[in-house]
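Asker: Sequence:
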Amino acid sequence: MNKLTTLTVNLGNFILTVLKLHILALIHILKGGVVLGIFPAIATIWDLYFDSFNNDKDPRTTQFSQKWHAYFKYANLTGFIILVFILLISYEILLTLKVLHWPWLSLFLLFILFLLIGIFIYSFASLIRYDLSIKNHLKQGFFLLLCSIPEFIAGIIGAALTLAVLALFPFLAFFASIPLIIFPFAWFSYQAVTKLERNQMNGGS
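Following my numbering, the numbering of the sequence shown begins with 560 at its first residue and continues without gaps.
Hints are computed from structural coordinates only; laboratory data are not their basis. Check each hint, because a few of them may be wrong.
Taking CB as the label site, the calculated pair distances span [unchecked claim]:
(1) L566 <-> L705: 34 to 40 Å
(2) A726 <-> L647: 24 to 30 Å
(3) N695 <-> K754: 16 to 22 Å
(4) L653 <-> H628: 33 to 39 Å
(5) W661 <-> K562: 37 to 43 Å
(6) V593 <-> A723: 25 to 31 Å
(7) I693 <-> L589: 22 to 28 Å
(8) I716 <-> N572: 22 to 28 Å
(9) H628 <-> K562: 38 to 44 Å
(10) V643 <-> V724: 19 to 25 Å
(11) L595 <-> L691: 17 to 23 Å
Taking lysine-lysine pairs in the BS3-like style, the calculated list, with each CA pair at most 27 Å apart, reads [stated by the list, open to error]:
(12) K632 <-> K698
(13) K657 <-> K698
(14) K579 <-> K657
(15) K616 <-> K698
(16) K616 <-> K694
(17) K590 <-> K632
(18) K694 <-> K632
(19) K616 <-> K562
(20) K579 <-> K562
(21) K590 <-> K579
On a predicted model such as this, the values are computed, not experimentally measured, just so you know. Ideal Cβ positions, reconstructed from N, Cα and C, are used throughout, including at glycine.
Modelling step: build the complete structure from the supplied sequences, incorporating the hints.
Answerer: Below, the structure written as structure tokens:
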């Protein structure tokens, strides 16, 4: 099999996997009554990506339902705790800009919002990688963020580029948006987690 054929087959498998993940995510989001289905679906796709990065294979979509149920409680607790803080800070930013006209405070609050988004991303990476309490997942998310700012920024840029592509090709948004948006965050958070683990192993040896 030549390189072009291999590339075509791999691309076809990736597209098929992304379509499956998107459909499965939508089914399970609806299964959770939308509100309670979103975060477990995100965690499940993230987990399947982590597993595929680790084993250099396509995500195993047959495990989706099992993993979704396993993440249902912790993913919702983690997601909604951070989401509440993100919404509160976002409201405070609007308040300081439109009512109080305190731009410096708004900049500080934007920095806090930046941290919260990072904690959200890395808390999900921690949820997938480690067996911890909710409190410790949040702590680990903050620690991972501090150790991996470049990876976090790269993930944000990757997600922004993905959204730009989806805006140019709306049919992709309809058929594959969920796993495509999660992919850059999963990839760069995986790099961050494995880098930290390697550093800890080297430091302990």
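Asker: Which numbered hints are broken by the structure, listed smallest first?
Answerer: 5, 10, 13, 14, 15, 16
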